[in-house]
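**Student:** Take a look at the letters that make up each chain.
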Amino acid sequence: MIFSSELIKGTLKTIVLKLLTDNDKMYGYEITQRVKELTTDKIQITEGALYPTLHALESEGLLTTETEYIGKRVRKYYSLSPAGKTRTQERISEFTDFMETMQFLLDIKTKLA
Amino acid sequence: MYCITEQQIEYILNDIRRNGVEMEDLQLNLLDHICCIVEQKLKEDDDFERFYHEVIKQFYKKELHEIEEETINLLTFKNYYTMKKLMIISGIVSATAFVIGSFFKIMAWQGTILFLMAAMGIFSFIFLPLLVVLKVKETDSARNKIVLVIAAIVGVLYSMATLFVARQWQGGTALLFATVGTSAFLLIPTYFFTGIRKAETKVNTIVTTVLMVGATGLMFTLIRVHQPLPMQTYTYLKNEQLLRKMQHDSGIQSVVTNKLTMEINSCCEQIKHIILSKDLDEAVVPVDFEQRDIIIHERNVNFPETSNAYQLLAHLKNAINTYNIQIGADNKIPVSHTVLDIPQEDLRKCTNFFVLNSLTQIQLSLFSNEPHPVVMK
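In order, the protein sequences belong to chains A and B.
Note that numbering that gives the first Met the number 0 has the first sequence beginning at 0, numbered continuously upward.
Note that numbering that gives the first Met the number 0 has the second sequence beginning at 0, numbered continuously upward.
What the hints contain is simulated information worked out from the structure, not anything from laboratory work.
Errors might be hidden in some of the hints.
With a straight-line cut-off of 30 Å between C-alpha atoms, the simulated DSS-like cross-links for lysine-lysine are [stated by the list, open to error]:
#	chain 1	residue 1	chain 2	residue 2
1	B	Lys104	B	Lys144
2	A	Lys35	B	Lys56
3	B	Lys61	A	Lys41
4	A	Lys75	A	Lys41
5	A	Lys41	B	Lys144
6	A	Lys41	A	Lys84
7	B	Lys134	A	Lys24
8	A	Lys8	B	Lys84
9	A	Lys75	A	Lys24
10	A	Lys75	B	Lys61
11	A	Lys8	B	Lys60
Work out the full structure: start from the sequences and follow the hints.
**Tutor:** As structure tokens, then:
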């Protein structure tokens, strides 16, 4: 099952920030592939959602960038800024709270490991 | 892994640009992304162009530039609350400056124009643009967005036209014409044909259009379509020429022998210099004023605090009083309804032409008395 883009939209920033916490620097294509791989294709980030989000995070000062020339094309690597690192923690704990609330609200029984 | 060629990279970049993606950063991101997909998934014997067009289709719903629009939306949204706050603050500041400036104007206090200029500047270049950006973002229809932008342009033009006309700066009338033209031929038709199509906005559109036509008509009524010839300038400058001719013909040195006449003449000249230095680049009217198309605009006389105009006028008044006591009844310098008759606090209500002409007439009276020997009592 592939999750709908509506569900992913609200969490895309958190996903990107968390990925960059675990990896020093990443480029757009790499991010989409890593998410696909980690979620066994359940979450597929579209290019139309990823790049606007990356630009927004950069303009908020949460990401820093560096470019690398590969022949005639330029690859833009994204990494977390110090502000980005703090924000990632905040977003993850906010999302954890949100999940707990949703579990309670929708009366979802937590799966036993 | 497929090895992408430089021509293929060029092809992809051109296609991205052709499809309306203008942000360079985004172009390069998309280019690298597509190149990665091509390198990973295209087989050596596959058709590159067909594969590329299949891949790029997955990037959007209708058109590729949606990605750029979404990017801009996200970037604007980040600033949305700051912009809204700034819009409200600038609105309050400009309204306050308008009220204070108007009060200063009624009281005829110094600094009126500073408040009014600040109010118009903030209103036109901060408040209105922010209002339009935020409203455009909230509006879905492209036509309504166009109406909003045109309305803001008319607002800025009107505000600037008012400022230019009030300050008698060059181009004030042209700006007023531009305001009326944009409103009549662009704003009103666009607004009308946008709103009239929908049943729910039809009545409101008709009423607002009538109001807009009325407002534009009133504005047009205020415009002087045919500029009058600058007769006041000619009258004053001709008087000034006559005075110079009389001074020249009589031989100025021999004429101003009397200390009192010298004083009166000198005071008049000095006050005129103070006024003219505001209207002309030079403090004396040049001889070739006609050839140089020199025009003095009518304005209220506002002597700077630092100038000694008030002392000079007081001194002139005393000197003329003494002169009139000494001279025969037929040759007295007329004082009533001249600048000498105006109390100091009312001087700023007088126009520059009134004061200039008064002073030149005093000098003319003085010189018309001169050829005959001064009869002392």
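**Student:** Could you run down the list of hints and mark each one as holding or not?
**Tutor:** For each hint, the structure was consulted:
no., hint, result
1, B/Lys104 - B/Lys144, "violated (37 Å)"
2, A/Lys35 - B/Lys56, "holds (19 Å)"
3, B/Lys61 - A/Lys41, "holds (24 Å)"
4, A/Lys75 - A/Lys41, "holds (26 Å)"
5, A/Lys41 - B/Lys144, "violated (39 Å)"
6, A/Lys41 - A/Lys84, "holds (26 Å)"
7, B/Lys134 - A/Lys24, "violated (38 Å)"
8, A/Lys8 - B/Lys84, "holds (27 Å)"
9, A/Lys75 - A/Lys24, "holds (10 Å)"
10, A/Lys75 - B/Lys61, "holds (26 Å)"
11, A/Lys8 - B/Lys60, "holds (16 Å)"
Hints 1, 5, 7, counting from the list given before, are not met by this structure.
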